[in-house]
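Trainee: If you want the building blocks of each chain, they are given just below.
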Amino acid sequence: MFRQVFHELTVVTRGRGLYEFTGEVEHWIRKSDFRDGLVTLHLQHTSASLLVQENASPEVRRDFEKFFERLVPDGDPLFEHTLEGEDDMPAHVRTALTTVNLSIPVRHGKMALGTWQGLFLWEHRRHGHSRRVALHFIGE
Amino acid sequence: MFRQVFHELTVVTRGRGLYEFTGEVEHWIRKSDFRDGLVTLHLQHTSASLLVQENASPEVRRDFEKFFERLVPDGDPLFEHTLEGEDDMPAHVRTALTTVNLSIPVRHGKMALGTWQGLFLWEHRRHGHSRRVALHFIGE
Amino acid sequence: MFRQVFHELTVVTRGRGLYEFTGEVEHWIRKSDFRDGLVTLHLQHTSASLLVQENASPEVRRDFEKFFERLVPDGDPLFEHTLEGEDDMPAHVRTALTTVNLSIPVRHGKMALGTWQGLFLWEHRRHGHSRRVALHFIGE
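Protein chains in written order, with the numbering used here: chain A, 1 to 140; chain B, 1 to 140; chain C, 1 to 140.
Just so you know, the hints here were simulated from the structure itself, not pulled from any lab data.
Cβ atoms here follow ideal geometry from the backbone N, Cα and C, with glycine treated the same way.
Treat the hints with caution; some may be incorrect.
Take a look, some chain C residues computed to stay more than 12 Å from chain A by CB distance [stated by the list, open to error]:
(1) R3
(2) L18
(3) Q44
(4) R62
(5) K66
(6) K110
(7) R131
(8) R132
What follows is a list of derived Cβ distance ranges for each label pair [unchecked claim]:
(9) E24(A) <-> E86(B): 29 to 35 Å
(10) G128(A) <-> G15(C): 38 to 44 Å
(11) G85(A) <-> E69(B): 19 to 25 Å
(12) H27(B) <-> E84(A): 28 to 34 Å
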């Protein structure tokens, strides 16, 4: 019998960086006794992203930040929209260059992630925020 | 009872820039009386993108364009593929750096977008085009 | 009657570049007699991407590579994480800038791709790999 379930997760950030939340999604799947289906994650923000990446060592996380700091620097004189801070427009651009939206098959109660893949929330603002992820499962 | 419905939207562009079409998708959801499920949008083009972003003030939209004009400039001598115009290969690259594909949960008849999120079609060619978005809903 | 089916595809790469696999997905859809629904593709790797792009002429493919080689150069002194080779961290960044995750409506037994769209696996490591794509179909 097919069914669908909605849920919402909050990821609290402490400023820029990658925050893994694979465990929270797995916990919801286990607790809800989903066996086979499709889980969709939608991040409800315009200055943070969802990222599927290596359960990253600290230097991989630092390298991601350093790359984006060079590519989309804070305070870039290119940007007109600076009212909300010099990291605001760069945060929107970083979000546009990554994604806020993922759909992952679930089989035998587990997401079809690769061995090295984890789910991360990527905070692009300098200050911490409380970020909401809308979750949806459809399946058996 | 689960059901699924297909639809197609056309977004007419007048050259480069962001065109919001959140209202058109909401109208389809309301008209079709979808309550709970998953809506998927797939843009059927290789030189335009789908973007979830702030219901952007004019200067935010200009900043997005300016960033991409610097990152992937038209007429860049790097590119060999120039037959279809100097904005053609940059348009493909901009599309690859963003996305053409989104899936968003629908609950109580509304997409689970954040307060500041809207759905945009991002035209990457200099001239206007008629862009088709394939829509799919599965749910109740 | 709704049903869902899982599958796994392997795309063997011979180093950096775009490998089209639209035909393999179409073959699975035909063989399984799917008529209407949603197909989801999830690439189980952190140094390769999924890309929907023009059934690209060789020079378009070369231009994509050249753009990424300039944007995220191998051996960039910016990166600390170099243990697995000077193309490793650039491959993670290229993956983050594109995507590993797609959902495409299927109608009358065909994916709702545009006339010029094909599904590509984009290998970002210099050496060849065997890349796994998890597939899911839900529909009728």
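Trainee: All the hints need checking, so say for each whether the structure fits it.
Mentor: Now the hints, each set against the structure:
1. R3: Per Cβ check, R3(C) is inside 12 Å of chain A; nearest 9 Å; violated.
2. L18: 19 Å, holds
3. Q44: 3 Å, violated
4. R62: 22 Å, holds
5. K66: 17 Å, holds
6. K110: 20 Å, holds
7. R131: 9 Å, violated
8. R132: At roughly 7 Å from the nearest Cβ of chain A, R132(C) sits no farther out than 12 Å, so the non-interface label is violated.
9. E24(A) <-> E86(B): 29 to 35 Å: Taking Cβ atoms as reference, E24(A) and E86(B) lie about 47 Å apart, which means the hint is violated.
10. G128(A) <-> G15(C): 38 to 44 Å: 41 Å, holds
11. G85(A) <-> E69(B): 19 to 25 Å: Hint holds: Cβ distance 23 Å, inside 19 to 25 Å.
12. H27(B) <-> E84(A): 28 to 34 Å: 31 Å Cβ-Cβ, so the 28 to 34 Å window holds.
Hint violations for this structure: numbers 1, 3, 7, 8, 9, all remaining hints satisfied.
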